[in-house]
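Asker: Residue-level listing of the chains:
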Amino acid sequence: MSSPIYLDYAATTPVDPRVADRMIECLRPEGAHGNPSSASHEFGRRARELVEKARVQVANAIGAKPATIVWTSGATESDNLAIQGVARFHADRGRHIVSSKTEHKAVLDALKQLEREGFDVTYLRPGVDGIVQPEQVREALRPDTILVSLMHVNNETGVIQDVGAVGRLCRERGVLFHCDAAQSIGKVPVDVEAMQIDLLSMTAHKAYGPKGVGALYVRRTPPVGLRPILFGGGQEFGLRSGTLPTHQIVGMGAAFELAIAEKDEDVDRLRSLRERLWQGIAKVGDVEINAESADRVSNILNVTFHGVEGESLQFALRAVAVSAGAACSSGSDEASYVLRALGRTDQQAQSSLRFSLGRFSTTAEVETAIAEVQREVGRLRQIASG
Amino acid sequence: MSSPIYLDYAATTPVDPRVADRMIECLRPEGAHGNPSSASHEFGRRARELVEKARVQVANAIGAKPATIVWTSGATESDNLAIQGVARFHADRGRHIVSSKTEHKAVLDALKQLEREGFDVTYLRPGVDGIVQPEQVREALRPDTILVSLMHVNNETGVIQDVGAVGRLCRERGVLFHCDAAQSIGKVPVDVEAMQIDLLSMTAHKAYGPKGVGALYVRRTPPVGLRPILFGGGQEFGLRSGTLPTHQIVGMGAAFELAIAEKDEDVDRLRSLRERLWQGIAKVGDVEINAESADRVSNILNVTFHGVEGESLQFALRAVAVSAGAACSSGSDEASYVLRALGRTDQQAQSSLRFSLGRFSTTAEVETAIAEVQREVGRLRQIASG
Amino acid sequence: MARYSPLVIDHFDRPRNSGRLPAAPDVIEASAGSVAQGTSFHLSARLSGESIMAMQFEAYGCPHCIAAASWTTEHLVGSPIEALARWDWRPVAQALEIPAEKRGRMLILQDAVKCLAEIGLQPP
Amino acid sequence: MARYSPLVIDHFDRPRNSGRLPAAPDVIEASAGSVAQGTSFHLSARLSGESIMAMQFEAYGCPHCIAAASWTTEHLVGSPIEALARWDWRPVAQALEIPAEKRGRMLILQDAVKCLAEIGLQPP
Ligand SMILES: Cc1ncc(COP(=O)(O)O)c(C=O)c1O
Ligand SMILES: Cc1ncc(COP(=O)(O)O)c(C=O)c1O
Numbered sequence: 001m002s003s004p005i006y007l008d009y010a011a012t013t014p015v016d017p018r019v020a021d022r023m024i025e026c027l028r029p030e031g032a033h034g035n036p037s038s039a040s041h042e043f044g045r046r047a048r049e050l051v052e053k054a055r056v057q058v059a060n061a062i063g064a065k066p067a068t069i070v071w072t073s074g075a076t077e078s079d080n081l082a083i084q085g086v087a088r089f090h091a092d093r094g095r096h097i098v099s100s101k102t103e104h105k106a107v108l109d110a111l112k113q114l115e116r117e118g119f120d121v122t123y124l125r126p127g128v129d130g131i132v133q134p135e136q137v138r139e140a141l142r143p144d145t146i147l148v149s150l151m152h153v154n155n156e157t158g159v160i161q162d163v164g165a166v167g168r169l170c171r172e173r174g175v176l177f178h179c180d181a182a183q184s185i186g187k188v189p190v191d192v193e194a195m196q197i198d199l200l201s202m203t204a205h206k207a208y209g210p211k212g213v214g215a216l217y218v219r220r221t222p223p224v225g226l227r228p229i230l231f232g233g234g235q236e237f238g239l240r241s242g243t244l245p246t247h248q249i250v251g252m253g254a255a256f257e258l259a260i261a262e263k264d265e266d267v268d269r270l271r272s273l274r275e276r277l278w279q280g281i282a283k284v285g286d287v288e289i290n291a292e293s294a295d296r297v298s299n300i301l302n303v304t305f306h307g308v309e310g311e312s313l314q315f316a317l318r319a320v321a322v323s324a325g326a327a328c329s330s331g332s333d334e335a336s337y338v339l340r341a342l343g344r345t346d347q348q349a350q351s352s353l354r355f356s357l358g359r360f361s362t363t364a365e366v367e368t369a370i371a372e373v374q375r376e377v378g379r380l381r382q383i384a385s386g
Numbered sequence: 001m002s003s004p005i006y007l008d009y010a011a012t013t014p015v016d017p018r019v020a021d022r023m024i025e026c027l028r029p030e031g032a033h034g035n036p037s038s039a040s041h042e043f044g045r046r047a048r049e050l051v052e053k054a055r056v057q058v059a060n061a062i063g064a065k066p067a068t069i070v071w072t073s074g075a076t077e078s079d080n081l082a083i084q085g086v087a088r089f090h091a092d093r094g095r096h097i098v099s100s101k102t103e104h105k106a107v108l109d110a111l112k113q114l115e116r117e118g119f120d121v122t123y124l125r126p127g128v129d130g131i132v133q134p135e136q137v138r139e140a141l142r143p144d145t146i147l148v149s150l151m152h153v154n155n156e157t158g159v160i161q162d163v164g165a166v167g168r169l170c171r172e173r174g175v176l177f178h179c180d181a182a183q184s185i186g187k188v189p190v191d192v193e194a195m196q197i198d199l200l201s202m203t204a205h206k207a208y209g210p211k212g213v214g215a216l217y218v219r220r221t222p223p224v225g226l227r228p229i230l231f232g233g234g235q236e237f238g239l240r241s242g243t244l245p246t247h248q249i250v251g252m253g254a255a256f257e258l259a260i261a262e263k264d265e266d267v268d269r270l271r272s273l274r275e276r277l278w279q280g281i282a283k284v285g286d287v288e289i290n291a292e293s294a295d296r297v298s299n300i301l302n303v304t305f306h307g308v309e310g311e312s313l314q315f316a317l318r319a320v321a322v323s324a325g326a327a328c329s330s331g332s333d334e335a336s337y338v339l340r341a342l343g344r345t346d347q348q349a350q351s352s353l354r355f356s357l358g359r360f361s362t363t364a365e366v367e368t369a370i371a372e373v374q375r376e377v378g379r380l381r382q383i384a385s386g
Numbered sequence: 001m002a003r004y005s006p007l008v009i010d011h012f013d014r015p016r017n018s019g020r021l022p023a024a025p026d027v028i029e030a031s032a033g034s035v036a037q038g039t040s041f042h043l044s045a046r047l048s049g050e051s052i053m054a055m056q057f058e059a060y061g062c063p064h065c066i067a068a069a070s071w072t073t074e075h076l077v078g079s080p081i082e083a084l085a086r087w088d089w090r091p092v093a094q095a096l097e098i099p100a101e102k103r104g105r106m107l108i109l110q111d112a113v114k115c116l117a118e119i120g121l122q123p124p
Numbered sequence: 001m002a003r004y005s006p007l008v009i010d011h012f013d014r015p016r017n018s019g020r021l022p023a024a025p026d027v028i029e030a031s032a033g034s035v036a037q038g039t040s041f042h043l044s045a046r047l048s049g050e051s052i053m054a055m056q057f058e059a060y061g062c063p064h065c066i067a068a069a070s071w072t073t074e075h076l077v078g079s080p081i082e083a084l085a086r087w088d089w090r091p092v093a094q095a096l097e098i099p100a101e102k103r104g105r106m107l108i109l110q111d112a113v114k115c116l117a118e119i120g121l122q123p124p
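Residue numbers (the numbering used here), protein chains in the order written: chain A, 1 to 386; chain B, 1 to 386; chain C, 1 to 124; chain D, 1 to 124.
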């Protein structure tokens, strides 16, 4: 069998070759191999310069000042640092947090841990369109609410939340607002000032950068109180200790710069590719787009295939690398909690697939994917009921 | 000025070109770019295989089973996960921890945070040779002691602790033992079984692997109770969530395999290079090796230059990239707490430099370093007192 | 996703006897499970004298279910009708290397076969 | 480590007037600070009439200290003795772009210069 067609860009993207080149320069013997914290010599200072240049690139991608960017190991760490950090720092002001049922596990499981420690979390349920209404957030706020955590773009459905409205609301009420924007960069505009976001999680590997590096935007004026998770050398303004991985950070900076520069072009191209994919898939009949009516990013298409069992669907389509939900360790046996929160039954959620396109997707690949879907869905329905 | 001579391998090493090649394969478009947690397709499974192969390589380097290796973002995270993880999990069994004054900041600052939360920490003071006697540990143990954290190789002096004796002691007393082995791999033998270590911190970038990836060995039988720091997708047996960075992990695996394979050769070569360096430095007179009488790794030489002010010494020797202490964000103005714990005065500590050699150090570089030291130390002493 | 044995893949990709035999006096049918449960089987068999002359299945379920139904029909065609009554999930699970967590689904298939047996062995 | 201005580097690498003038009736000396403190200066000057004919320094301290002492001797040689009394740390700190956290060390240098001034301006 030839290599499958990669339509799982929302799980992770390949590194853009232009980004890889910049990283490889760092990894070569003549590269900037110093420790960016070794301020006493050339090697350290050269590495530090690269780190600071990348900090500007990432800051620019979200309309922030460079000193607000804290490097992390990815959005999982950013989410945990934001949520645990705020909760532990502000615990004596209040112990209530507002979030939603369709957040990424990195948010939900951090919140679960806080619940075990005595915090109280309200999980808002989005409508069938996947949208949490700002009004729901307003109603959930209490005098002891210290944090609202709401994602920007959902990783399974591609639904775009109106985080600007939520940010405004939180700012008015003096509640901190954290936004998981792991899926946003290069897909939708992000502006932490305009959106009044206090903490924003990012990761490189959803935007053609390397896995294992991310960042947390932390508003500086007035400062957001945050207790670190990792203590030590005191890097990153004391908020995140650990040796800075120059090549990884350089990769993230380069990736974000490209993502912003090529956003409009990428978005338009992917929207029409996705439309072509959907037209082809729709031909098999009895299929539905999840969260169809919501504003969604242009590269994600989450489809429920009625009358086809999920595991067989996925295996039948193994020539097309897609996924049934988030790429987590639990495997794909459990039905997606995101789709269930949108009102899908377990069966429907299990018979859903997320097709996610990206920068290197081609029309030919989409055509092949359509052909596979048409043949295999037809075949499985045939097996199921003659 | 031509590029300085790099003698700061203890701060971070360049990536070995053989390791870089393996990483670069992963970063290229045809590389294993899938998410190792995407078990539903080829791309994910290929990445997973690479991750598991590296897990075996790292486990082999410390005499452990692969399932005991948890990937992290570096030794800072490993130290924090071990220390915070044990403390928070076992808090109801006891709240006393034993460690030493010469640990890395990642250990000390994690402990300081626990002290703020009501834990009680005994910091043992090593002798002038930098060694913490197992007897000191024994005396410090209390009925409510839950953890002993003692590093293997000190990053400033190169002193090797007798962690085997401490491990035995802890095992007898039913106290968990964490060991920071960030500086050990490829320099001294590490065997978690023989040394009776329960938790062992590692990092790739001190052993010619990439920065930003590390691992924590977590004993499995009987299991060490550990509360995670990063919650989310449930990767790494639920102990450390976050997308696994395939290229980084592949780099760490390859680096550790090489480090073990070439250990004896590297150690011998570096020992004689270091001896040559010391013979040259000693000629300037009024110099002392720190922790001279202890067993030390072969690549570190920490020297106090009497009668020379530290900052000027460092700047005068800028053609040689060395450092005065750990590469942390605080800058080099503060005197090394490690040397002070060994009985050095502030002045002496400040007038000390750590020369650390490595795989790519050459005799010519050592000769140049000697010439620089002789000229500049002589010159500064001349300026100081005619 | 669980990995599948080569035999599972073979039966999943090229199922034997997929479909439903047209209703006829010598055709018996039985089903078990439901789509809501995630697994359902429909079996039909043409009997002649003491023997199963033909057999077809419909299956809604995971690859193991489809493969198990296919393998089962393949092995039962040509057998005496009593083979239906003696059938249980163990041989198919072993042949196809079906993991333990799928046992519940195999029991649904067993229900369908047993039901077919009851009908087939009824005194006419 | 703080970065150093080009002028600091120049004076650090090629200090002017490093050393100690041999004791003589027309040579005055003064010192301030200590090695234990991390900074110490020794200044010596040869006077002739109202003028400073020559000046040398010894300095144990950071690059800013060495450069400041060097710069100071360079600027004071040829000046009237009263210039010693008027000297303060500000011009040298400005010329060498010495960061604020090093002010304490500059005050030690100032002490040494003031002390020299007192001796130099003593009625003979
Ligand atoms: C919305 C969202 N948040 C958080 C994460 C976790 O980020 P990372 O993989 O960088 O740990 C992901 C993807 O994995 C995501 O899609
Ligand atoms: C002994 C020791 N522990 C921990 C660390 C921290 O490791 P990392 O740089 O991987 O965060 C280092 C080096 O920085 C070290 O030398």
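Since the hints were made in silico from the structure, they are not lab data.
A couple of the hints might just be wrong.
[As the list claims (entries may be wrong)] With the Cβ distance kept under 10 Å, some of the chain A side facing chain B (calculated, not the full set):
(1) V15
(2) L27
(3) G34
(4) P66
(5) K211
(6) Q348
[Said to hold, decoys possible] Across the chosen pairs, the derived CB separations fall in these ranges:
(7) B/D268 - C/D13: 20 to 28 Å
(8) B/P189 - A/F237: 36 to 44 Å
(9) A/K101 - C/S48: 52 to 60 Å
(10) B/E172 - A/R173: 51 to 59 Å
(11) A/D264 - B/G118: 48 to 56 Å
(12) B/G118 - C/D111: 22 to 30 Å
(13) C/R3 - A/D92: 33 to 41 Å
All of these numbers come straight from a predicted model, not from anything done at the bench.
Positions of the beta carbon are idealized from the N, C-alpha and C atoms, including for glycine.
Asker: Given A/Q348 as an interface hint, is the shortest Cβ-Cβ distance to chain B below 10 Å?
Answerer: violated, 18 Å
Asker: Falls inside 36 to 44 Å, the C-beta gap from B/P189 to A/F237?
Answerer: holds, 39 Å
Asker: Holds or violated: A/K211 as interface residue toward chain B, Cβ cutoff 10 Å?
Answerer: Holds, about 4 Å.
Asker: Taking the Cβ atom of A/D264 and the Cβ atom of B/G118, is their distance within the range 48 to 56 Å?
Answerer: holds, 54 Å
Asker: Can the suggested window of 33 to 41 Å be confirmed for the beta-carbon pair C/R3 and A/D92?
Answerer: For A/D92 against C/R3, whose Cβ atoms are near 51 Å apart, the range 33 to 41 Å is violated.
Asker: Answer holds if the nearest beta-carbon of chain B is closer than 10 Å to that of A/V15; otherwise answer violated.
Answerer: holds, 5 Å
Asker: Starting from the range 52 to 60 Å, see whether the pair A/K101 and C/S48 falls in it by beta-carbon distance.
Answerer: holds, 57 Å
Asker: Once the shortest beta carbon distance from A/G34 to chain B is found, is it less than 10 Å?
Answerer: Given a least distance of 7 Å, the restraint on A/G34 holds.
Asker: A closest beta-carbon separation below 10 Å is what the hint needs, so does A/P66 meet it against chain B?
Answerer: The hint is violated - A/P66 has no Cβ within 10 Å of chain B, the shortest such distance being about 16 Å.
Asker: Quick check on A/L27 please, does its C-beta sit within 10 Å of some C-beta on chain B?
Answerer: The hint holds - A/L27 has a Cβ within 10 Å of chain B, the shortest such distance being about 4 Å.
Asker: Take the C-beta atom of B/E172 and the C-beta atom of A/R173, compute their distance, and say whether it sits inside 51 to 59 Å.
Answerer: At roughly 57 Å between Cβ atoms, A/R173 and B/E172 fall inside 51 to 59 Å, so the hint holds.
Asker: Just tell me: holds or violated, for the beta carbon distance of B/G118 and C/D111 against 22 to 30 Å?
Answerer: violated, 58 Å
When each numbered hint is compared with the structure, violations occur for hints 4, 6, 7, 12 and 13.
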